[in-house]
Each structure stands twice: as C-alpha cells, then as structure tokens.
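So you can see what is in the structure, the chains are spelled out below.
2 protein chains.
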Amino acid sequence: MLKSGDIFADVPERLADEETKILAANPGAVVERIVSTGQASPPGFWCDQPSPEWVIVLQGEAGLSIEGEPGPRSLKTGDWLELPAHRRHRVEWTSADPPTVWLAVHWRSGGAN
Amino acid sequence: MLKSGDIFADVPERLADEETKILAANPGAVVERIVSTGQASPPGFWCDQPSPEWVIVLQGEAGLSIEGEPGPRSLKTGDWLELPAHRRHRVEWTSADPPTVWLAVHWRSGGAN
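Those sequence lines, one after another, are chains A and B. Last residue of the first sequence: 113 in the numbering used here, with the numbers rising by one and none dropped. Last residue of the second sequence: 113 in the numbering used here, with the numbers rising by one and none dropped.
Errors might be hidden in some of the hints.
[Said to hold, decoys possible] Straight line, CA to CA, 30 Å or less: simulated DSSO-like cross-link-like pairs of lysine-lysine:
no.: 1; chain 1: A; residue 1: K76; chain 2: B; residue 2: K21
no.: 2; chain 1: B; residue 1: K76; chain 2: A; residue 2: K21
no.: 3; chain 1: B; residue 1: K21; chain 2: A; residue 2: K3
no.: 4; chain 1: B; residue 1: K3; chain 2: A; residue 2: K21
no.: 5; chain 1: A; residue 1: K21; chain 2: B; residue 2: K21
no.: 6; chain 1: A; residue 1: K76; chain 2: B; residue 2: K3
no.: 7; chain 1: A; residue 1: K76; chain 2: B; residue 2: K76
no.: 8; chain 1: B; residue 1: K76; chain 2: A; residue 2: K3
Hints listed in this document are in silico derivations from the structure and should not be mistaken for laboratory results.
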C-alpha cells in the first residue's frame with residue numbers, strides 16, 4: 001500500500017500550536033507538512049538546527065527572519081528557500097486565513113531517522 | 001547567500017522534454033522541480049529507481065501508473081505519494097495548460113549523491 005494524500009486536505013482552521021505531520025521518512029531526510037494559523041516564534045527565540053532544511057509555502061503567507069539579513073523575508077505561496085545547518089531563523093508571522101501550509105524537507109545527518 | 005526562489009516562476013509553456021531543476025542537494029536527498037507540458041513516459045517504459053521518491057503535483061494534473069495497481073491514478077494539484085525503491089511506475093499523461101509542476105524528493109542511499 002503506497003502512502004499518498006492531498007496536502008490541502010484536513011488543514012485545521014484554528015490551532016493552539018503549529019501542527020507538524022510527517023509525510024515521508026527515509027534514511028537521510030524527512031518530508032513534513034506544517035500548518036500555522038497565525039503562530040510565530042516566541043519573542044527572542046531563534047531556531048538553530050543541526051542539519052539543513054528546505055521549505056516552501058504552499059498556501060498562505062509568512063514572514064521569516066534569517067540571522068544576518070536586514071529584515072524579515074515575506075514568503076507567499078510558491079516561495080521556497082534552503083536553510084543551511086545552524087543558520088538561525090525565526091518565524092515572525094503566519095497567515096491565519098487561509099492557514100499557512102508549509103512543506104519542509106529536513107535532512108538527517110548520518111543517514112539515520 | 002541563501003538559495004531561494006518561487007517554484008511557479010519561469011515555468012516554460014512548451015517543452016520538447018520534461019525539464020528538471022535541482023533546487024536543493026545535500027547528502028541523503030535531493031529536491032527537484034519537474035515541469036511537464038503534456039509529456040508522458042514512452043510506450044512500454046517503466047521507471048525503476050534504486051531509492052525512494054516522494055512526489056507532489058503543485059500545478060496542473062497528471063496520470064501515474066504504478067505496477068500492481070488496477071489503473072492509473074489521477075493526480076491533481078496537492079496530491080502526493082511516496083514511491084518505494086524499485087516500485088515501477090510510469091507517467092501516463094500530464095496537463096499542458098497549465099503546465100504540470102511537480103516537486104520531487106529523491107533519497108540517495110549511502111548519504112552520497
């Protein structure tokens with residue numbers, strides 16, 4: 001039985017916290033759907049990840065700050081970027097209506113997970 | 001300089017062959033954009049890949065046959081599926097107007113490319 005689905009199905013309209021679902025996981029990388037309904041990173045919090053991430057906005061809009069850049073990037077539907085390992089970043093804002101649907105690929109070093 | 005872009009930018013309207021662009025490549029997996037404008041797999045050709053692939057249609061529509069299934073799957077925008085290694089498959093048809101935009105994650109065994 002193949003794993004399959006519609007990324008725009010079952011998107012919650014209101015969430016207390018971001019929702020993350022793993023769509024595919026094989027040694028080396030994981031594919032996730034992330035839904036945000038207005039969430040942002042906590043004030044002063046920067047995300048520092050040990051491995052690279054590739055992320056695209058598939059619905060909605062978001063603001064993303066990346067360490068070393070002069071201001072947040074505005075991401076609209078279709079915009080993607082690659083975050084190298086340990087490049088600190090934070091989500092400044094996400095759209096709630098419609099919810100923001102992200103697709104993320106997280107590499108896993110060592111070929112595990 | 002971060003790598004970034006808009007996946008719906010610079011989508012060619014007519015192509016002699018499918019167009020594949022690597023958006024991100026790190027040990028373990030590669031992220032690609034594939035654009036089809038009506039292309040299909042050659043008659044009788046089945047694709048047999050040594051490692052898993054996760055694929056989603058982000059624009060347009062396509063028909064995908066998977067060995068062992070009774071008929072082709074119709075994929076519309078947002079539909080995704082995971083193809084295990086060596087699960088044979090073929091593209092039966094793709095929409096030309098609008099062009100079909102696929103996002104594919106190809107795992108690479110051994111953590112190398």
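Hints versus structure:
no. : hint          : verdict
1   : A:K76 / B:K21 : holds, 21 Å
2   : B:K76 / A:K21 : holds, 21 Å
3   : B:K21 / A:K3  : holds, 25 Å
4   : B:K3 / A:K21  : holds, 25 Å
5   : A:K21 / B:K21 : holds, 26 Å
6   : A:K76 / B:K3  : holds, 16 Å
7   : A:K76 / B:K76 : holds, 21 Å
8   : B:K76 / A:K3  : holds, 16 Å
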